[in-house]
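Peer 1: Here the protein sequences line up with chains A and B, keeping their order. Its first residue numbered 1, the first sequence is counted upward by one per residue in our numbering. Its first residue numbered 273, the second sequence is counted upward by one per residue in our numbering.
All the pointers check out, no bait thrown in.
Here are some chain A residues the structure puts well away from chain B; computed CB gaps all over 10 Å: (1) Pro29; (2) Pro54; (3) Pro128; (4) Ala136; (5) Arg181.
Result set (DMTMM-like, lysine to aspartate or glutamate): computed pairs, CA atoms no more than 25 Å apart in a straight line: (6) Lys271(A) to Asp393(B); (7) Lys271(A) to Asp331(B); (8) Lys543(B) to Asp345(B); (9) Lys543(B) to Asp59(A).
Covered, in the sense of this in silico footprint (three residues per stretch, anywhere, with C-beta under 8 Å from a C-beta of chain B), are these stretches of chain A: (10) 76 to 89; (11) 96 to 109; (12) 211 to 218; (13) 259 to 266.
Everything labelled a hint here was simulated from the structure, so no lab data went into it. Given the structure is predicted, the values throughout are model-derived calculations rather than measurements. For every residue, glycine included, the Cβ atom is placed at its ideal position computed from N, Cα and C.
Protein chains: 2
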Amino acid sequence: MTHASEHVLDAAIRLEPADAGGLRGQTHPAYANMVGPFGGIIAATVLNAALTHPSRLGDPVALTVNYAGPIADGDFRIEAVPVRTNRSTQHWSITLTQADAVTITATAVFATRRDTWSATDAGAPEVPAATALPRAPAVPPAPWTRNYDMRFVRGGLPDRENPPADLDSVTWVWIRDDPPRPLDFAALASICDAFFPRIFVRRPRWVPASTVSITTYFHADAALLAAQGAEPVLCTARASHFGRGYHDQAAEIWGRDGALLATSHQIVYYKE
Amino acid sequence: MTHASEHVLDAAIRLEPADAGGLRGQTHPAYANMVGPFGGIIAATVLNAALTHPSRLGDPVALTVNYAGPIADGDFRIEAVPVRTNRSTQHWSITLTQADAVTITATAVFATRRDTWSATDAGAPEVPAATALPRAPAVPPAPWTRNYDMRFVRGGLPDRENPPADLDSVTWVWIRDDPPRPLDFAALASICDAFFPRIFVRRPRWVPASTVSITTYFHADAALLAAQGAEPVLCTARASHFGRGYHDQAAEIWGRDGALLATSHQIVYYKE
Numbered sequence: 001m002t003h004a005s006e007h008v009l010d011a012a013i014r015l016e017p018a019d020a021g022g023l024r025g026q027t028h029p030a031y032a033n034m035v036g037p038f039g040g041i042i043a044a045t046v047l048n049a050a051l052t053h054p055s056r057l058g059d060p061v062a063l064t065v066n067y068a069g070p071i072a073d074g075d076f077r078i079e080a081v082p083v084r085t086n087r088s089t090q091h092w093s094i095t096l097t098q099a100d101a102v103t104i105t106a107t108a109v110f111a112t113r114r115d116t117w118s119a120t121d122a123g124a125p126e127v128p129a130a131t132a133l134p135r136a137p138a139v140p141p142a143p144w145t146r147n148y149d150m151r152f153v154r155g156g157l158p159d160r161e162n163p164p165a166d167l168d169s170v171t172w173v174w175i176r177d178d179p180p181r182p183l184d185f186a187a188l189a190s191i192c193d194a195f196f197p198r199i200f201v202r203r204p205r206w207v208p209a210s211t212v213s214i215t216t217y218f219h220a221d222a223a224l225l226a227a228q229g230a231e232p233v234l235c236t237a238r239a240s241h242f243g244r245g246y247h248d249q250a251a252e253i254w255g256r257d258g259a260l261l262a263t264s265h266q267i268v269y270y271k272e
Numbered sequence: 273m274t275h276a277s278e279h280v281l282d283a284a285i286r287l288e289p290a291d292a293g294g295l296r297g298q299t300h301p302a303y304a305n306m307v308g309p310f311g312g313i314i315a316a317t318v319l320n321a322a323l324t325h326p327s328r329l330g331d332p333v334a335l336t337v338n339y340a341g342p343i344a345d346g347d348f349r350i351e352a353v354p355v356r357t358n359r360s361t362q363h364w365s366i367t368l369t370q371a372d373a374v375t376i377t378a379t380a381v382f383a384t385r386r387d388t389w390s391a392t393d394a395g396a397p398e399v400p401a402a403t404a405l406p407r408a409p410a411v412p413p414a415p416w417t418r419n420y421d422m423r424f425v426r427g428g429l430p431d432r433e434n435p436p437a438d439l440d441s442v443t444w445v446w447i448r449d450d451p452p453r454p455l456d457f458a459a460l461a462s463i464c465d466a467f468f469p470r471i472f473v474r475r476p477r478w479v480p481a482s483t484v485s486i487t488t489y490f491h492a493d494a495a496l497l498a499a500q501g502a503e504p505v506l507c508t509a510r511a512s513h514f515g516r517g518y519h520d521q522a523a524e525i526w527g528r529d530g531a532l533l534a535t536s537h538q539i540v541y542y543k544e
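Bound-form chain A, shown alone (with noise of 0.2 Å):
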């Protein structure tokens, strides 16, 4: 079913109600990656689950998503399960499955937020503005990439033909969905999976790379994410280290008027 005015990213994460209480979805071509559908997607998929639900209690603190095993185009079921709830923290388990088969295993925190004493330890870069760089061309390799207006202040992927010297594993991006779209979590929690693996930064060749499992933590509660609107978040992305087929990589979005919204970790296989 598809719907004249719903945005392609609501169209990827949305979800019916199946047998037994689980949930149905289907990857979405428009955010197929080079094999399978791209994984930041998949997470937002996965925590539109707990979002939808009707035991749902606040507002997504943190979600952990591993990538078990490659999922297939076509459909999928989610099972979110409410394994415990407290005064003001709920505890969700869910499992992505395609013929019985599990291929994400997933566990969130959602919570009732007050205020509190707060301060912002990290800071984000200085960067020129998002309408002052250029747009990144779409890999065409990776169509989920068109649905991202993504302005690279560094850290883009190399030149592997004449490749500089210095090369890290530093990126600073300027991410928002295409067609523009307010940002809510389900579309940050997909944001911070939208950062190449730091391995085809680092270095000046292609290797089979991928997700293994992603944390992501949400500093912005649904206040501060309306307010960022449609506008383009900041990201910063770096590894600390490569060794024995994984990395790890650490990312920050930064929201309006120097908002950390969310800070997000993976750890990633890579081959060579």
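Dock chain B against chain A, hints included.
Peer 2: For chain B alone, coordinates are given in the frame of chain A:
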């Protein structure tokens, strides 16, 4: 059952077979916290359920532990299920219950690792040797602190009577098990949670605070951990953002010869 020569950490994380494929463990008084057990030893115990499982493949790469509810002193049950085993990776779902109530949800990724290109982009801070620093006294209301030799370079608990004006959330501390014990994955998982909540370091007052979710990425393989032996590890911890009742914490665990053994992230609840 006690074993005369057994390290107290091994006693604390020990599990025995229970009915229906589950495991049975007990909280250990030596790792008690102010309320309930120290979260680090629970993370180590949960990981140990997978480490000691007959179907285990490879070594831990990622571990996420969600603290869903309070753990009472006494017995608990763990279910550790290898939900998907691939050629070189294995995904675990692990649950800890007491009286049928879920108190911990967890996921883990194990993998067989092989040599690849490697690089460490992060850097350990320049600090004095552990032996040149005084051991911090244990914190009496938190018995678990007696099991760690901690030597702070910076960022211990501030003097709440005469706090410095420039408090930040950064800690650098040497840590080892006490009595000394060769480092392994379980001990490392526990050390990753052995930092005071950043809110205690950042503000000169005590407020209720507790870890809600922790994710650790293991960069070290078993051989690198074995080479570490019982030497102290150098740990760094900092927060990015405190707000609306939750703050993050990012930690690095450095071993001998500048080896990054693990990076670990958590989200912490705090009040006021």
